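On the provided structure of chain E, position chain S as indicated by the hints.
Protein chains in written order, with my numbering: chain E, -15 to 379; chain S, -15 to 379.
For the record, the hints were derived by calculation from the structure and aren't laboratory data.
These figures come from a predicted structure and were not determined experimentally.
It is possible that part of the hints are untrue.
Same chains, same label: a pair holds when it works inside one copy or across any pair of copies.
Cross-link-like lysine to aspartate or glutamate pairs, in silico, DMTMM-like; alpha carbons within 20 angstroms at most [said to hold, decoys possible]:
no. : residue 1 : residue 2
1   : Lys214    : Asp104
2   : Lys358    : Asp347
3   : Lys342    : Glu324
4   : Lys61     : Asp311
5   : Lys61     : Glu327
6   : Lys186    : Asp236
7   : Lys216    : Asp14
8   : Lys61     : Glu324
9   : Lys61     : Asp309
10  : Lys358    : Glu324
Protein chains: 2
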Amino acid sequence: MPEVAGVRVATAACGIKYKGRTDLCLIAFDAGSTIAGVLTRSKTASAPVEWCRAQLPRGRVRAIVVNSGNANAFTGKAGSASVDRIVAATARRLGCRLGDVFVASTGVIGEALPDGLVVDGLAGLADGLQPAQWKAAADAIMTTDTFPKGASRLTEIGGKPVTLCGIAKGSGMIAPDMATMLAFVATDARLPAGVLQSLLKKSADRSFNSITVDGDTSTSDTLMLAASGKAKHPKIETASDSRLASFKAALDGLLCDLAQQVVRDGEGASKFVTITVTGAASPNAARRIGLAIGNSPLVKTAIAGEDPNWGRVVMAVGKSGERADRDRLAIRIGGVAVAEAGEVVPGYDEAPVGAHMKGSEIDIHVDVGIGRGKARVWTCDLTHGYISINADYRS
Amino acid sequence: MPEVAGVRVATAACGIKYKGRTDLCLIAFDAGSTIAGVLTRSKTASAPVEWCRAQLPRGRVRAIVVNSGNANAFTGKAGSASVDRIVAATARRLGCRLGDVFVASTGVIGEALPDGLVVDGLAGLADGLQPAQWKAAADAIMTTDTFPKGASRLTEIGGKPVTLCGIAKGSGMIAPDMATMLAFVATDARLPAGVLQSLLKKSADRSFNSITVDGDTSTSDTLMLAASGKAKHPKIETASDSRLASFKAALDGLLCDLAQQVVRDGEGASKFVTITVTGAASPNAARRIGLAIGNSPLVKTAIAGEDPNWGRVVMAVGKSGERADRDRLAIRIGGVAVAEAGEVVPGYDEAPVGAHMKGSEIDIHVDVGIGRGKARVWTCDLTHGYISINADYRS
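Same shape as in the complex, but just chain E (with noise of 0.2 angstroms):
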């Protein structure tokens, strides 16, 4: 992954909670930089949350700090003073204000965080700031994940040469013990936070609100796009500038990409399950139509067993609570049509969907019939490994 000008980032060992392996990172912007996120809509959300939840409006970042090992969740009072201590050592080692330091916790909860070890592992790494670190810091902020997570792209903004990179972590809306889906974007384009934000915020909705793995949220589902505004190309100060337009497609292949990442690396997930919902009353409805499928355990562990049931798709269009007329459903997996108006189709061949189901990549598509509506939305299987390592893990 390629250097972003104006952003630095290092990686330390602190011994949070591992042994022997990374757990503190430090991403780091130039003075100028602008920063937008969007955060999980617990009601229980953690202490680090709620600092960045705080800072956001204002939409400017000096740094991004973020440990693994412990979520600093459910810590109350002392939570707080936490975020506080690290977010002071961090705008101290960096000469900027505080509300440029933006936080993220990941790992177990309701414990406190030992914020010393932090603070300590801080000293190190701001000397230590290094471009193109992206492998490093993914390596970092890894809890139950089996693989590091990370995407770039380069693209344009009215010609002129823009770079995107992003990390992500999470294996799980939420796995074992809160350990969260957090990602991180940094790009070398000069856009102002309220453009940032507005372009965030759409590319989320197709790409990690359209993903679940159990239809669990944690309480630290943290996404920033941070620009450095390093970049050469003209002044932009609207999102719904034409000059965006490759912007927007490389931030939302980017963006779709980290989230298809989290989903394969799902908790014992053994298949990787799309689901295209056309013909909906609107795109929100037909991204909660695929969202009620995706979460459904009964089609996630029926798509486990490589069974073609169609009936508990059905099941699960009728539960979304959307609008859908049962004798204008339409449903294919992989390409086959296996449903139409309302009915089985006529001489029904499962042997081509069963061939289909037996791979590790499932298509179902779902036609409504009723509207235009659109959406993708991405999910894997309910196996028994899901049950192995959220059953018998003992926190």
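Chain S only, in chain E's frame:
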């Protein structure tokens, strides 16, 4: 289970799908009987559900016909025609109006119901009607259930004895191939259909709408309450009549009993879980928080693993979408305080909580700390057994 005056039952083996067992049940009511029903909210409801929904406003009943082995769901126009033929044959046998006949089907979906077998079976049933055949009825409507489900209550209205008998089936909100939750309750009370409907709706919210196995909603879920009017109590005209107090309590108790039997037979369930939510913004908010906890795969797998992982309970409260304040939340497991005021309790000793988790009856109490709304929800754990039943099953 006792007789209910004015109500008779017969069962038959039609060979719809299963061999060597009954699969058809006729519950017949004397003239003048009233009926109320609560049906699935699925937008892809089955043909029998659509028929019942259309007849319920009349509130008159002479027969309920239930078959197992085929759900007659997602069967298009052929499905509605099957319902018509079964209803016509029943009305002819009993000499009643078509609209007095209610139907329910449970079993595989997407396959045409062999209604000729049902019509043939009905021929013998009308002559074989007997009182108090509840056990036979409960047996005939089972699909993947591992035991038949029934309950009865003796109560009074205005000092006169009244009987309630109910049967149910289901081992998931929806079992393999939409096995569905069905429940039928008969009483000899003399109550107008409007009063019955009001009582049933309220009791259903506290019982069948407060249980969850996997969060999936069947296309066929059906709960009906029919009253023969043979009891000698004073005339009752409104659901708010204070003389209904005992009857309401008995109906609540009976429906909770049946609903809990369904949860105890939950697919792969090894533990029965009672979730009590207090201090929510409203009773409905409390129920939604309870269901968010009861539906969370991470909470359910933690219970399967006997792990008192209260962090996952916090997460589920947070994702419910209901108003909550992280710093007022209190959690008790097995009666032991685990977290209070947004933090683990000082000196928390996991030993007694761990011991409680090893039992087969798990109690989780969440106090949201912001209001007076209360609710109780029942669920089971999520085990390897659930995956085996649903992933290894082939339609």
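Is it within a copy, between copies, both, or neither that the alpha carbon of lysine 186 lies no farther than 20 angstroms from that of aspartate 236? Intra 9 angstroms, inter 47 angstroms, cutoff 20 angstroms: intra-copy only.
Alpha-carbon proximity between lysine 61 and glutamate 327, which holds within one copy, between copies, both or neither at 20 angstroms: Close across copies (9 angstroms), not inside one copy (57 angstroms); limit 20 angstroms.
Please sort lysine 214 with aspartate 104 into within, between, both or neither, judging by C-alpha distance up to 20 angstroms. Close neither inside one copy (31 angstroms) nor across copies (81 angstroms); limit 20 angstroms.
From the Cα coordinates, with 20 angstroms as the cut-off, is the pair lysine 216 and aspartate 14 best called within, between, both, or neither? within (15 angstroms within a copy, 86 angstroms between copies)
Alpha-carbon proximity between lysine 358 and glutamate 324, which holds within one copy, between copies, both or neither at 20 angstroms: Within one copy only: 18 angstroms inside, 44 angstroms across.
Regarding lysine 342 and glutamate 324, is the shortest C-alpha distance of 20 angstroms or less found within a copy, between copies, in both, or in neither? The answer is neither: 23 angstroms in one copy and 48 angstroms across copies each exceed 20 angstroms.
Go through the copies and call it for lysine 358 and aspartate 347: within, between, both or neither, with a Cα cutoff of 20 angstroms. within (15 angstroms within a copy, 42 angstroms between copies)
With identical chains, the pair lysine 61 and aspartate 309 could be close in the same copy or across copies; at 20 angstroms between alpha carbons, which is it: within, between, both, or neither? Close across copies (13 angstroms), not inside one copy (51 angstroms); limit 20 angstroms.
Between the shortest in-copy and the shortest cross-copy C-alpha distance, which are at most 20 angstroms for lysine 61 and aspartate 311: within, between, both, or neither? Between. Shortest inter-copy distance 9 angstroms satisfies the 20 angstroms Cα cut-off; intra-copy 55 angstroms does not.
At most 20 angstroms between C-alpha atoms: does lysine 61 with glutamate 324 qualify within a copy, between copies, both, or neither? between (57 angstroms within a copy, 13 angstroms between copies)
Of the hints listed earlier, those the structure fails to meet are numbers 1, 3, in rising order.
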